[in-house]
Amino acid sequence: QQGVTDTEIVIGDILPLTGPPALLGVAHNLGVKAAVAEANAAGGINGRKLRLISEDDGYVPSRTIQGVRKLINSDKIFAFTSISGTAQAQAAMPLIKQTGIPAMAPITTYEGLYQPTIKNVFAVGYDMRQAVYELVSQMADRYPNKKWAVISQDDDYGQNVRDGFERAAKEKKLQVVSSQIFKKGQSDFSSEILKVKQAGAEALMAGGVLGENVTMTKELERIGHKIPVGVTYVSRVPASAKMMGSAGENVYTVDYVYLESSPEAKGFMGKLEQHLSAEERARVNRYTFTGYSAARALFAAMDKCGKALTWDCTNAELAKLKNLETGAMTPISFAADDHLAAPKLFLLKADPAATTYKLVQ
Amino acid sequence: MREGGTVTFMTPTIATSAAPPPALAIHNIQVVYGGAIEAVRDVSLEVRPGQIVALLGSNGAGKSTVLKAVSGVLDAEDGVIEKGSILLNGRAVEKDPAPAIVRQGMVQVPEGRRLFQTLTVDENLITGAHLQSAAKLAQARDFVFSLFPRLAEMRQTTAGYLSGGEQQMVAIGRALMSQPKILALDEPSLGLAPLVVSEIFRCIQTLRETTGLTILLVEQNASRALAIADYAYIMENGRVVMDGTSEQLRRNADVREFYLGLSSQPGRTSMKDVKHYKRRKRWLS
Amino acid sequence: MRSGFFKQGYGELVVLTDSPAVKWWTAALLVVMALAPFVLGNFLLSHLTIILFTTVGALGLMVLTGFTGLISLGHVGFLMLGGYAYAIAVTRWGLPPEIALVLSAVLPALFGLIVGIPSLRLHGLYLAITTLAFAHIVSAAILAGGELTGGGSGIMVERPVVLGMDLSSDRAFYWFCLGVCALAVLLVLNLRRSYVGRALVAVRDNDIAARTMGISLVHYKLLAFLISAALTGLAGGLMAIYMSFVSVEGYPFLLSIEALAIVIVGGIGSVLGAVLGTVFIVTLPEVFASLMSFLGGRLAETMTTSAHEVKTILYGIAIIAFLRFDPRGLRGIWHDLRHTWVHWPLRY
Amino acid sequence: MNYFIELVVSGLAIGAIYGLVAMSFAVIFKATGIVNFAQGEMGMLTAYTSWSIATALGTDAVSTILVSVAVGAALGLICERLIMRPMLGEPVLSVVLVTVGLAVVLRALVTLIWGAAPHKFAVEGADTIVDLGGIGLRAGQITVIVVLLIAIAGFWFFLRHSRFGVAMRAVASDEKTARLMGVSTARVQAVAWASASGLAGLAGAFFAVIYGLAPTIYEIGLKAFPATVLGGFDSVLGSAFSGLFIGVLENLVGGYLPSTLKEIAGFVLILVVLMVRPFGLFGEKRIERV
Amino acid sequence: MSAVQQTPVLEATRISKRFGGVKAVNDVSLKVMPGEIVSLIGPNGAGKTTTFNLVSGVLPPSDGQIRFQGRDTAGLKSHQFARLGIGRTFQNLALFRHGTVVENLLVGRHIHFRYPVWESLVYWGRSRREEIAAREKVEQVIEFLEIEELRDKPVSQLAYGQQKRVELGRALACEPSLLLLDEIVAGMNREEKEDIARFTLDIRDEFGIAVLMIEHDMQVVMDLSDRVYVLDFGCLIAEGTPAEVAANPAVLAAYLGEEGAHA
Ligand SMILES: Nc1ncnc2c1ncn2[C@@H]1O[C@H](COP(=O)(O)OP(=O)(O)OP(=O)(O)O)[C@@H](O)[C@H]1O
Ligand SMILES: Nc1ncnc2c1ncn2[C@@H]1O[C@H](COP(=O)(O)OP(=O)(O)OP(=O)(O)O)[C@@H](O)[C@H]1O
Ligand SMILES: CC(C)C[C@H](N)C(=O)O
Ligand SMILES: [Mg+2]
Ligand SMILES: [Mg+2]
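Protein chains in written order, with our numbering: chain A, 1178 to 1538; chain B, 562 to 846; chain C, 33 to 380; chain D, -13 to 276; chain E, 137 to 399.
Think of the hints as simulated: they come from the structure by calculation, not from any bench. Check each hint, because a few of them may be wrong.
As the list claims (entries may be wrong) - List time: in silico DMTMM-like cross-link candidates among lysine to aspartate or glutamate, alpha-carbon distance up to 20 Å:
1) K1374(A) / E1348(A)
2) K289(E) / E599(B)
3) K162(D) / E797(B)
4) K1403(A) / D117(D)
5) K833(B) / D338(E)
6) K1419(A) / D113(D)
7) K1360(A) / E205(D)
8) K1360(A) / D198(C)
Bear in mind that the values here come from a model prediction, so they are computed numbers and not experimental data.
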């Protein structure tokens, strides 16, 4: 099989290592690297050392396609530990489907990745739409009878946010007074937020990736419109809490990845200490957890295939994976007809004082 | 210039000693454009303080190239001085940048005017006085306006909209603004009406007389140039083919025929009567 | 050294080249290019393919900026229109790919006419900015295009069968691009040596004088935009086939800049320059990438996260150093080499 | 009505940043006749450098402003000296492309040194919300508006009353002849770059303080483009005011129309304006003569 | 001039041009008959070049009428003037500076190409034939002006005087019926002026092209012109044979000066 020699297995990932969400891609890549280092330290997979090739797509779908093509055709990798953001994965999917290469999709999980089931694609994480639905529903329970607004990005990721939001709004019979779409990469949100206030919204679902959400909450603070804000788990990183500062007081999210400070993550944080440099550890965030988990799941399946490592075997083994404990998130399981490892969700609230998020009981 | 005399803004140079060092001396320079075209070959010339030296020659002979070399702006056209040296008041300047040369008192009126088209006449003059103090600027400007009264009326006009002749006046005025000690003029009479040409030449002469300004003059109007020059060089095909005092040259038969338009017979030949196209390069022999 | 300074007829004065050596070299190059897929690996082949269709687009910009002197910062807009025209024609309207490719040239060409209209009044940077605005507006329109354009999600396109050639094979697609590219080069060369090409250059060098020669600025500026947009659009169509995907983000402003870089690094106003420039600009980052993995070894592995930056920095520095070294571009260097070759050991 | 005023006021805050960048474009254009495509990147690099300095040495508002001007100017001087100076006298397009190369390098350099993660540029008091008759503005936003006004006044004085300003324009008009007149084109270029980068540096630093420090700050360069065009490429003051205007326009479009239109509002506006005035609102007319 | 009935090549009737408040050309009427060499002289800034610009369509007149071979030019676009048969040179060189001499001359022949634009892409058959024919014509011009050695040089590398000659060639390549020369001998020495003078006469005699020229060189004006117009401050102040004009006191005062007349 391609990418496999007697001594080595080449694997790859494609991520936004530059561009607006680079923070997330880089952290994710660190998780994958930690998993690789851990496996190699333990003697590799069935005696073969792992080698990782990381490709950058700058969060641009067409570059994702090029990168995927390069990894498969030129670098001849054996499997993908990660496939970039929503729109990016969407664009690359036909190519990946066509080749049959085992591919983990742990960054943003959305319906297109697992429904209908794709033989060689495995989504690790909670469906984004579903997560937004959960978040908005839970917030609606906490803050009943509020008028809602939603601001989302103009791509597939934003579409997922809108879909989840709309479902929740319908089920909870929320009154939605403003729904806005912004152009990816925008930095000033003053008019959007003024519009939210003007419309009389009392709660907001902010569907930006990271900096956008920060700016939105800060604008709310500036115009003195203090309302609860929901953000997706993408934003659940220390940097965002820090940048929001006092504006983050009313920000909620849901996540399936353990908090860095939680007791469950203790073991995992220890491993990072072992395999990453201090400089790298400073860049760790929840995406490191997802990267690590996905890579671990992939390696577990590859391990089961023994010496005769093939794509088909790996895909088959992945589909049989049950309750894999990674220490980074709740256990991962797949089934033949279910390639989504949907771990458990927690509701979280930003804690500006501690510049982090904390569990909401 | 309105009746001479009043020009006092320049420090007169003492032109007394028997053989003062040349104000400008060029020794055997060779200039190459773009690493491939040799425009000037082995040219030497000398201008003594207070002299007017004329540089004559047909189109493409390399006159402008010599002036550009002296002013240090060849690099803008991908030209280099491959050999030879240029001395300004005894100092080698062939490697100096243009502003350094201006600071040493040598300014050029470039060929084809080259005004700052988007600037007004006034601003063009101000740029000419870039290295001068504000007080001297006003003084120099008054002088230029006395020389070209027409410009005083057009101070606020955008230079690009002036007529060709008016532009030439601005160009000369602009160079005078820096109160130079040596002035290089590249075809100053180009495109000027006869009345103005006379004026310009008279003014060049007056300038020299009253201020001791040293002048290197490239001209096509040979009779005019020789009339006011002390000494002259003639260039052909990148070389100096002849030099001498104006007197000597004016008597030379070839110069008379090809530069002054005076045939061997007395009286002027009408241009209509020139029967054949003349061939160049006869100087090369 | 060449001989043959003596011509027997005026026809010999208008040929593309009067040197047998150049003819031989060109023929040899074409043969080598045609045979390349049999020896080259996947990676090099796709690299060459990229060069080929990029050349087509670069020629487009060369006609506009290089010949006519109209600077465009918005060529990516034409590229985008070409790509989307192809994608929409094939996937939404089910048109045959041949017609879709024609559309990918025609539609941008029509837009070229519209963008060209301001060029009659605007000069230099002001025009450049309007073209930039045009590109922005095109991408905004595509984003707002709903079902037709797929909005932010873009459109997937399958590799088609064109004129009986199944382009899903990389080799076939390479040959197809080679054909298109060679044809484009020939057409632009012909254009340049005809009165049309000379009129374009005249407009660039001195529009008032051009007018007194009987050249209509309106006519020729619009023509330049038309031809330029058509070529660039065609390149966009090819690029869409290559990528199998079009999305607005696949056409960042940077592409406009890279296109300009090609034209300038190659040498303004020269067809040869467009080709050389494309090879240079497209290959440069790859060279640095392989250089880094070659030199880097383990180092490259540990710096995966910065590799992209280092590569980019080297790329930028290379462009700066290059222009610093010879602002006339590759064509200038080419001429110098030839001059030295012909005249050596004499210098002038 | 209040909504309208709030939109306008918020627009002024972002517009002031556009204005600063637009001015910096115009300064370099006026002096050298080229557009520096690395202007946004200069702002970004300045913002990051100032941030590092500020975190090391403490962060009071006034010294942060001074540091960012100084850092910006210094960066400008360095770039001019190392990269632009050797290009003096070369064809405009080549020089412009060099600035594009510079932009690419600076952009990558920032990510290389500081990483891609966004940071907060905390300056004491910058986040304080000041109540202006019912409209809240952050102190940082008010300051940037004030700084822009000061810059406008300063440049007005400089261009109006100094011969250096004239020399700058002479260089842009005809570099070679300017040198013949004794103008040191290198010095003119250096001053232009230093002051332009100082302005861009201010813009970058303020942007970072208000919206956070991220490697996308350079986009202010692109955003300020329409402002420069609207004002006229060679009109420093016109560009500054146009920046304010475009900021407000974007906000009004965002406020009353679908907000995706906001991103192209500036470009649509300049298209319209250029059709009427082909050299911007305050730009110098091109000379067309034979 | 023999027949009085002949239609003038050029007939400008009471043309004026205002720039803002300035009247650069004021109520000027002039006429050029076939086979004539006519000069237009006057002090700097008198409006001579502006008159040329009006006559050659570069600028629209504010007032007045311009007839070319009897045809009214009102409403014509500026690029259409060339097709009427007007060729001109420019006072401040306006060559296509990136092109070679040959290319510049070929641009001069622009109006003589008949094949459609798309055929240029093919460059075969008709287009090739026309290109060859044009090239042949250009070679004749090159030979006529004796600039063979400059043929393939980029014009930006030529000295000032050489560029002027190329401009003349470019105008000739147009095969105009009226040639406008704006200070063509400026920047030439006596010998070169004589050459140009000879060319000018031959252009008229051999090709039958009428010439209207602006010139500050009185020898050239006096020796070549059949008639002379004198402009001052935009107004015609004199007109007549060279001798008449040279004797006109107004002209002497405004333009020639005491010595200019015989310089
Ligand atoms: N920038 C340049 N690049 C290449 N060759 C040049 C350049 N400038 C001038 N030359 C060549 O150098 C030679 C001398 O040119 P130069 O301008 O010095 O002549 P000149 O004596 O001033 O002529 P004119 O009287 O016409 O002004 C000419 O043959 C010209 O073709
Ligand atoms: N496009 C223009 N805009 C404004 N003013 C102009 C324009 N063209 C010419 N002028 C003005 O009109 C007047 C006549 O200029 P013109 O160029 O016709 O003079 P000229 O007779 O050719 O002079 P010269 O002999 O010096 O070339 C001048 O005062 C000039 O400043
Ligand atoms: C890593 C992130 C950029 C993913 C983002 N939420 C997306 O799907 O687009
Ligand atoms: Mg000369
Ligand atoms: Mg004139």
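Outcome of the hint check:
1. K1374(A) / E1348(A): violated (24 Å)
2. K289(E) / E599(B): At roughly 14 Å apart (the allowed maximum being 20 Å), E599(B) and K289(E) satisfy the hint.
3. K162(D) / E797(B): Distance of about 26 Å is beyond 20 Å: violated.
4. K1403(A) / D117(D): Status holds; Cα separation ~16 Å.
5. K833(B) / D338(E): holds (10 Å)
6. K1419(A) / D113(D): holds (13 Å)
7. K1360(A) / E205(D): Holds, at about 14 Å.
8. K1360(A) / D198(C): violated (38 Å)
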